[in-house]
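2 protein chains.
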Amino acid sequence: NSLWVQSRNRWVACFFIGVITALVAAFVDIMVHLSKEWKFNVILKYMLSKCNVEQRGTASGCMWETMITWILYNCTLVSVAASLVIFVSPIAGGSGIPQIKCYLNGIAVPQVVRLKTLLAKAIGVACAVSGGLAAGKEGPMIHSGAVVGAGVSQGRSRSLGIDFGFFKAFRNDRERRDFVSAGAAAGVAAAFGAPIGGVLFSLEEGASFWNQNLTWRMFFTAMISSFTVSSILSWFNGRSGWLSWTGLANFGVFENKDYNIWEIPIFLLIGVFGGITGALFNYLNVKISCFRKKYVSTKFSRFFECLLVAAVSAFLGFVTIFLVDDCQPVGVNPNTTQVNQMWCKKGEYSAVASLFFQNPEESVKSLFHSPMNSFRATTLVIFAVEYFLLTLWTFGIAVPSGVFIPALLTGAAWGRLFGIFVEQLFPSVTGIDPGKYALAGAAAQLGGIVRMTISLTAIIMEATKNITFGLPIMLVLMITKWVGDIFNEGLYDTHIDLAEVPILGWNPPKMSRNILAEKVMRSDVVALELRERVSRIVEILRATAHHGFPIVDRIEESPTQSLPDYGKLKGVILRSQLMKLLENRILENDRGSIYGPVDLAELQGDDQDLTVEQLRLSQEEKACWLNLEPFMHPHPHRVPLNTSLPFIFRLFRGLGLRYLFVVNDDNKLRGVITRKDVARFRERRHNNQYLVDELYIAEDRSN
Amino acid sequence: NSLWVQSRNRWVACFFIGVITALVAAFVDIMVHLSKEWKFNVILKYMLSKCNVEQRGTASGCMWETMITWILYNCTLVSVAASLVIFVSPIAGGSGIPQIKCYLNGIAVPQVVRLKTLLAKAIGVACAVSGGLAAGKEGPMIHSGAVVGAGVSQGRSRSLGIDFGFFKAFRNDRERRDFVSAGAAAGVAAAFGAPIGGVLFSLEEGASFWNQNLTWRMFFTAMISSFTVSSILSWFNGRSGWLSWTGLANFGVFENKDYNIWEIPIFLLIGVFGGITGALFNYLNVKISCFRKKYVSTKFSRFFECLLVAAVSAFLGFVTIFLVDDCQPVGVNPNTTQVNQMWCKKGEYSAVASLFFQNPEESVKSLFHSPMNSFRATTLVIFAVEYFLLTLWTFGIAVPSGVFIPALLTGAAWGRLFGIFVEQLFPSVTGIDPGKYALAGAAAQLGGIVRMTISLTAIIMEATKNITFGLPIMLVLMITKWVGDIFNEGLYDTHIDLAEVPILGWNPPKMSRNILAEKVMRSDVVALELRERVSRIVEILRATAHHGFPIVDRIEESPTQSLPDYGKLKGVILRSQLMKLLENRILENDRGSIYGPVDLAELQGDDQDLTVEQLRLSQEEKACWLNLEPFMHPHPHRVPLNTSLPFIFRLFRGLGLRYLFVVNDDNKLRGVITRKDVARFRERRHNNQYLVDELYIAEDRSN
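Protein chains in written order, with our numbering: chain A, 1273 to 1975; chain B, 1273 to 1975.
By construction, these hints were calculated from the structure, which means they are not laboratory data.
It is possible that some hints are incorrect.
Pairs count within a copy or across copies, as identical chains cannot be separated in the list.
[What the hints assert, rightly or not] Subject to a maximum C-alpha distance of 27 Å in a straight line, what follows is the list of computed DSSO-like cross-link-like pairs (lysine-lysine):
no.: 1; residue 1: K1388; residue 2: K1571
no.: 2; residue 1: K1791; residue 2: K1940
no.: 3; residue 1: K1840; residue 2: K1940
no.: 4; residue 1: K1440; residue 2: K1782
no.: 5; residue 1: K1840; residue 2: K1791
no.: 6; residue 1: K1840; residue 2: K1852
no.: 7; residue 1: K1559; residue 2: K1571
no.: 8; residue 1: K1852; residue 2: K1894
no.: 9; residue 1: K1440; residue 2: K1388
no.: 10; residue 1: K1852; residue 2: K1440
no.: 11; residue 1: K1388; residue 2: K1565
This structure is a prediction, so every number in the text was calculated from the model and none was measured.
Excised from the complex, chain A in its bound form (with noise of 0.2 Å):
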């Protein structure tokens, strides 16, 4: 019975996880919306009509005076957003999908989905997006819908000290990480109304074990976030209970286009730039981000670079539209909702405003779907390379910001600079669409930088609505991931390596069937014998972070050695079990138990974060004894001292172990292996050939 109504809670808690992260990702969504009306009507329009006419549409000082307010206006914003990140909680920075990923993968990242970033998170990321910076606000959808996965699930938030008291069943490593690829899938079904792109991110990026339920469940939270988005969007634009806003990113439907075979090579074409241009992106980022871990380091330098970008991205964007003299006529592009006449005659509009002005998302619907002439291609070109740019600048800096929409807008403009050769080319061809190799060169821009395979074509062909160019953007993604494999690994891996997080990939190191649990293994384990005095387990919680301790049957000091020489492997307990056994004083003195019935449902599954001395231990209860042996967990995974790396590193991959005891013939505990140990080896091709590297990685509480 209690089964199953934990069955019926997971369902409660997804649809709860979907709604939540659903009104999160509408807040920000209207919050953009808003700051951009206002820009647009109050700043824009009320200071150029200050202008006389014969001012506008000349460098007069008077549209430098409108340029300055613009700045002011984003720095502000953008300070908010920066404030946020450096003063409340730095885990919100950047787009957050590497730290889930890490997450994901098992491993212990600090804060990552606590309220307090969420809170930073959302209302950061509404700044910086508001505030004109090339930056996204899918990616933080990503770990906002994470967030709310892990804060909905445990039913309770630690920031603000609440315990609802609900889902207690669920306070456990696995339930909440099951939660949080949940949330996940729901915030990019959220970003991008992309349900089944969403359920395929989490597995990609996250799960090793597919299990029908749990992906049911995913898909279900995805499929209420994006419902619930969908309804407030359809409310908030006047059409109440018509569902076609199906997600942040809403790049228009591209109707009747399809493809010819002869086309396919074009796209191959795309692909492979796609790829260069992507790892020539990450390349630069390490190398910016080397930079700033070096010399911006202090919080108000961090603050400041904030702001520099803010004002330069807002400063190229005038000085583009000022020197960049392409006036379309009003009405050539019915996509455009903003006119931006700027610099332009009466009646035109500048064709690069648009571009730079407009949200990044109704700036990639307009290149997927204007018509031909909409854009030359000189202000293709400048657009992409300066996007390119501030994009590379922006990744990294202090504000909670993704890369997906400013990629995808990157290449979009190239892509369509692809369709105007295309045309030029052949000149004969009737019905050549730039928009079709927009959203090419958007994929292929978007692929060459995060490397995601088929979450991202789901995600892509579910935002762009069109099912038919699912080919030819798959096979841009692939090509694209080929190329961009050959330079360096995708953006999100790069910058989990220079943390020096142990994650560990799909495949084990290549030519590591010769390192054995021998080399792999730490041997200075700590272990406890069945029955053992207070005092040293207070004495070994105090002293050691470990998340668990093995059992032996018994420890002998060795003469010789450093190290105690372990008898047979008996169990394992973790360190939140012994903190509840003697929370409760479940306590043997010399003459027996001094403690009731146990329930052992009571002693499981919470983890908290006391610390021994606030037990309040006395010293008579430190001369009591621990009796071990009916709550330890009675069989560990373990493996012989000749076991190969393959071995260890599928049992880890595909169980999702956080630790390995290793073995002697005769069963004796030897040593332990833990996810660090395991992604210490990483593979290197050097003269056509692999080795096994061993790599530095930094010590953590994770173990």
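The hints should help you fit chain B onto chain A, whose structure is shown.
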């Protein structure tokens, strides 16, 4: 370097799997198309032209002559399909999905991925569908894809006795299973134009371990397959190079269709109805299958049953057309490609005939896209009931046939009925389109029968080229699954249970924590020592069919017990490796080794059908020794005696194990657990309590 070649070869193999699967699918489709053309243009037109004007539209004899010709033609085709299944390849019968599911789950199903099976399946399904049975070609396409996957990746065919010699590195269980899953994905992609759905299908039905590279290759295979089908069908339909036919099942595009929030409850109601009727279908189909097992077991009676089904299907169609007077003016239904006048007046066509006599895919398309008044309510009721019963009877007879399209068709019929009711209920609401209810009904009926989740959603979304209806389809499928699961399991699982195959579910049976390895394992292990006399090995290979043998450091015959006392577990060696060692005479006599240097790569990966006798070992050779130590796998998976069943289950599921050794506290071998031993334990709910049953499972060669 060889690793790189292997990695490249995987992609090459996948490319060919995609192309060949698509060729098979296109072949079947074109055959069905041609046969239908012939049937309509030759038989129907010719026979009807013989009737004079007065006779048409009446019950005169000449109409019945037409019917008899029609029935005979159908029976001829079905008899070909039945002969292929009954006399050539019995495993080619049915949809093949249960068999593929078992195969991917790690169970050796004999003959399932053979060329002979493929030929019988492809030709058989073309005949069965052309023969007017209530059968789909989509399920068999998935099976065909799987066979292609196995065949191409092994580079040889046992049926033809050909060995092309390439892809030798893929000749092992794990690789072959990966390629089979890619082939199955390609099959779905070819059948429904649904590459993402195909990947999800393979994952949902088979994979237990998610791997990015594998998934990406599966997706590539599926895309290539979808692309190739599309190219061939574009060419066949006279629009070469224009890639808009993306699968066999072309349901047309839902254009400009949307749904409103108040329609959600109606979709939910459709889901409930689909769940109930689906459960009823499965219940009745089991009854029929059991009846068939008992009373229709001879080859002749099974052949006769097929003919009977074919005759009854056609007869029922004619009778319904005659009795139900639903004549519509030609031109109302723009999607009706084949106008069937039959007993209607000139300038009219019979709506019933268009449902019964078109290809089922065409009928589904009509039900989805025809305008409001194309079908009367009575027509739909009668058709839905009749087709439901026909499908029920057809699924399980000895022809290759799938349940996808018939279920979609039945569901579309009663779903459209819902649409008509809704229009009657809310006459004031304009723009109610019965097509979307037909879609929901189709999804509900199919979901209620097969109980697939995310993959089915993706398949339906891709097959209808519509993303907007994603949420309602998912809701419908979810409700359907919940309702259906109250009553029984999905059709495929039911049939797997009927066949007593030891398949592992997604989760360990509930409340099985107290079942320990000691109870699960079998103690009658056949073990080898590190150095064994050849004669003993030969005897063991002859006497048992085990797939692998544990190696222990010593075996002591116990005087008191029937089983010997085994020493410490040292490793495991596969049957195929022993055969290779013997075949290559890697023997030692009492003075030492009598073989030269050994290439370990030569001794791996290839499993053949050799018997021990074929090795022709001399008496002298049988007196030699085999030193197994250098060749064995030195650290097989092992668990202690007190390991719980859920833990064992997760090892099997997460790592795809075939067996697991049980050792005692001193690492001495005590037993072996195979997949079958784990699958024996099933949960059962009784009075709201979970109990775990031990089932009897049929013996086979698979351990």
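Cross-check of the supplied hints:
| no. | hint | verdict |
| --- | --- | --- |
| 1 | K1388 - K1571 | within (19 Å within a copy, 71 Å between copies) |
| 2 | K1791 - K1940 | both (17 Å within a copy, 25 Å between copies) |
| 3 | K1840 - K1940 | both (4 Å within a copy, 13 Å between copies) |
| 4 | K1440 - K1782 | between (42 Å within a copy, 19 Å between copies) |
| 5 | K1840 - K1791 | both (20 Å within a copy, 23 Å between copies) |
| 6 | K1840 - K1852 | within (25 Å within a copy, 38 Å between copies) |
| 7 | K1559 - K1571 | within (20 Å within a copy, 73 Å between copies) |
| 8 | K1852 - K1894 | within (15 Å within a copy, 63 Å between copies) |
| 9 | K1440 - K1388 | within (21 Å within a copy, 56 Å between copies) |
| 10 | K1852 - K1440 | within (15 Å within a copy, 56 Å between copies) |
| 11 | K1388 - K1565 | within (24 Å within a copy, 64 Å between copies) |
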